[in-house]
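K.L.:
So the chains spell out like this:
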Amino acid sequence: MNGQTSAPRWHGLALAAPALTVVGVFFIAPLAMSAVVAFRDKAGGFTLEHFSKAFDLYTTDLLFTLAIVLLSTVLIGVLAIAIAGYLTLGENPRAVALLRWLYRWPLFIPFVVAGQVMRTFLAKNGMLNHVLIGTGLIEPLSAQSLLDWRGIVVAFVWKQAPFVTLLLAGAMASLESQHIEAARNLGARRVRVLLDIVLPQVRGTLLVGLVLSFVTMLSVLSVPLMINPNSPTMVTVDVAYRINTFADYAVANALCLLSLLLAAGGAWFYLRHAASKAVT
Amino acid sequence: MNALTLPSPLRALLRAVLLALFAFAIFGPLLNLFLWAFAERWYFPSKLPLEYGLTFWYRVFQPRGNALASLGTSVWIAVLTVFLSLAVAVPAGYALARLKLPWRSAILLVFLLPQAVPNLPVYVNIAQVFYQIGLNGTIVGVVLVHASHGLVLAVWIASAAFASVDVSLEEAARNLGASAWTCFRTVTLPIAAPGLIASAIFVFLESLDEFTGTYFVGVPDVTTLPLLMFNASMGGNYQIASITALLLLIPSIGFMLVVERFLKADVLAMVGR
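Line by line, the protein sequences give chains G and U.
Throughout the first sequence, residue numbering follows this note's numbering, covering 1 to 280 in sequence.
Throughout the second sequence, residue numbering follows this note's numbering, covering 281 to 553 in sequence.
No wet-lab data here; the hints were simulated from the structure.
Being a predicted model, the structure only gives us computed values, none of them experimental.
Some clues are possibly wrong.
Claimed, not checked - Each pair of labels, with its calculated beta carbon distance range:
(1) U:L469 with G:I138: 56 to 66 Å
(2) U:L328 with G:Q201: 28 to 38 Å
(3) U:F341 with G:L199: 45 to 55 Å
(4) U:L388 with G:P140: 19 to 29 Å
(5) U:E451 with G:E91: 42 to 52 Å
(6) G:Q201 with U:R344: 51 to 61 Å
(7) G:P140 with U:L537: 46 to 56 Å
(8) U:V538 with G:A267: 28 to 38 Å
(9) G:A43 with U:I477: 45 to 55 Å
Unchecked claim - Covered stretches of chain G (in silico footprint by chain U; criterion: 3 or more residues with CB under 8 Å from a CB of chain U, positions within the stretch not fixed):
(10) 13–19
(11) 96–102
(12) 118–126
(13) 130–137
(14) 217–230
(15) 255–262
Said to hold, decoys possible - A few chain G positions that, by computed beta-carbon distances, are all more than 12 Å from chain U:
(16) F26
(17) G44
(18) T59
(19) F64
(20) V74
(21) D148
(22) R150
(23) S177
(24) F214
Backbone N, C-alpha and C fix where the C-beta goes; we use that ideal spot for every residue, glycine too.
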């Protein structure tokens with residue numbers, strides 16, 4: 001580009017250096033430390049003992065974590081497609097405006113607040129049960145607390161779906177409307193237009209949003225601690241427990257590495273799809 | 281029109297019901313929180329609080345109460361985090377947008393990591409290191425942890441803001457004899473200012489709401505508002521927890537209402553790059 005100044009290359013590097021240092025020292029170094037601590041025995045040698053202990057104690061929780069985060073991701077995807085799709089293709093302008101105003105309230109609400117909110121809302125004595133009983137949908141005796149894996153999923157979806165919807169609706173709004181209108185004029189139903197014409201064009205944005213949500217949910221500590229701290233629970237709770245109760249950094253780090261592996265799985269999924277998209 | 285079998289009054293009804301359900305899903309939990317914040321007494325199985333009042337609000341806001349101290353700590357940490365993050369992110373964003381950079385893609389990757397990798401391992405190990413060098417339980421320690429995460433957002437947004445400044449304006453200033461620094465100070469920086477303010481708001485909010493890092497690094501002396509809320513909730517004091525949660529909701533919802541002014545397409549397009 002012509003506009004780039006003729007300053008030597010090290011100028012740019014010097015300007016970026018302080019930020020790189022902060023990220024390097026306070027993020028990347030501790031991350032690397034995780035890999036070292038997880039494989040080191042007391043004498044400083046290499047060992048897999050911490051991993052076998054982590055698997056012995058927490059295999060259920062690892063699977064539980066993966067299941068919860070995957071289920072949440074799928075639900076977030078479905079909701080985001082439905083809401084963003086209606087915002088793009090909806091015919092009733094009032095309903096569209098109302099939905100646009102409604103959906104993003106949880107957008108910047110912190111996870112810890114979402115946890116507290118759901119802790120009261122989904123409890124046995126919470127508003128959800130009272131409304132279900134009041135409308136006659138369930139019997140008072142069959143009211144049950146949803147503060148288990150379901151509560152975690154609800155809190156995750158409630159908090160993350162608006163984020164993915166915001167990204168997706170933005171991407172859909174920037175699509176060329178001619179294709180959509182042409183399909184509608186040919187008599188295609190809205191659901192078909194959404195799934196066959198709109199969605200394939202915004203698949204990349206959807207995947208980015210979902211992978212970011214997947215990774216974020218994997219490392220949330222507050223929501224499982226507040227909603228479902230007892231076994232089986234999420235790996236983040238186990239990590240906090242190993243550290244706070246036993247100061248057992250080795251097994252904690254082994255668990256951390258395993259959840260990093262799960263996140264890497266998400267990233268791999270994204271890259272594979274991004275690559276296949278580039279080919280087609 | 282398409283071949284939907286439902287007649288239009290039924291469709292209107294269905295639409296209204298779905299929207300009402302959705303509104304309940306969004307606002308029901310928030311309303312429940314709101315009720316708890318003003319409940320004096322609320323036992324099973326009553327549907328609504330037995331008695332409303334402000335007793336717990338007085339307790340939260342009493343001059344020497346924990347909540348005001350935590351609010352002060354939270355805001356102070358967030359302000360310091362914004363200063364530190366922007367001080368290093370603005371030059372980095374400028375370099376990414378305007379200057380030739382060696383290893384550019386590696387640098388971009390470094391600035392992507394904190395948002396793309398689970399943060400728990402980082403907090404665990406940084407807490408251990410900080411404990412050894414005496415930074416655990418200090419404001420500085422918490423600010424460093426918040427900044428290492430927040431500055432990444434700031435770098436992205438600042439870089440987008442600088443990239444959107446018209447280069448010909450800078451060239452005009454340089455041709456009229458302005459030095460590089462004068463040109464940056466009087467032309468580039470003012471034009472990019474709205475984007476930089478947006479990134480400051482993002483970093484501020486992220487720091488204000490941060491839980492996990494503070495949970496590990498802040499103990500035992502630094503209690504931010506999210507930690508206070510968490511402790512109250514786990515202690516079974518739902519009123520105090522709900523009131524502090526409401527305090528945390530104010531900036532979050534305020535920002536949500538104005539977000540489109542800041543989250544322009546150029547910033548959104550950066551997400552995931």
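K.L.:
Hint by hint, note whether the structure agrees.
P.N.:
Hint by hint, here is what the structure shows:
no.: 1; hint: U:L469 with G:I138: 56 to 66 Å; in the structure: holds, 60 Å
no.: 2; hint: U:L328 with G:Q201: 28 to 38 Å; in the structure: violated, 48 Å
no.: 3; hint: U:F341 with G:L199: 45 to 55 Å; in the structure: holds, 49 Å
no.: 4; hint: U:L388 with G:P140: 19 to 29 Å; in the structure: violated, 57 Å
no.: 5; hint: U:E451 with G:E91: 42 to 52 Å; in the structure: holds, 49 Å
no.: 6; hint: G:Q201 with U:R344: 51 to 61 Å; in the structure: holds, 58 Å
no.: 7; hint: G:P140 with U:L537: 46 to 56 Å; in the structure: violated, 38 Å
no.: 8; hint: U:V538 with G:A267: 28 to 38 Å; in the structure: holds, 32 Å
no.: 9; hint: G:A43 with U:I477: 45 to 55 Å; in the structure: holds, 53 Å
no.: 10; hint: 13–19; in the structure: holds (count 5)
no.: 11; hint: 96–102; in the structure: holds (count 3)
no.: 12; hint: 118–126; in the structure: holds (count 7)
no.: 13; hint: 130–137; in the structure: holds (count 3)
no.: 14; hint: 217–230; in the structure: holds (count 7)
no.: 15; hint: 255–262; in the structure: holds (count 4)
no.: 16; hint: F26; in the structure: violated, 4 Å
no.: 17; hint: G44; in the structure: holds, 16 Å
no.: 18; hint: T59; in the structure: holds, 18 Å
no.: 19; hint: F64; in the structure: holds, 16 Å
no.: 20; hint: V74; in the structure: holds, 17 Å
no.: 21; hint: D148; in the structure: holds, 17 Å
no.: 22; hint: R150; in the structure: holds, 14 Å
no.: 23; hint: S177; in the structure: holds, 16 Å
no.: 24; hint: F214; in the structure: violated, 10 Å
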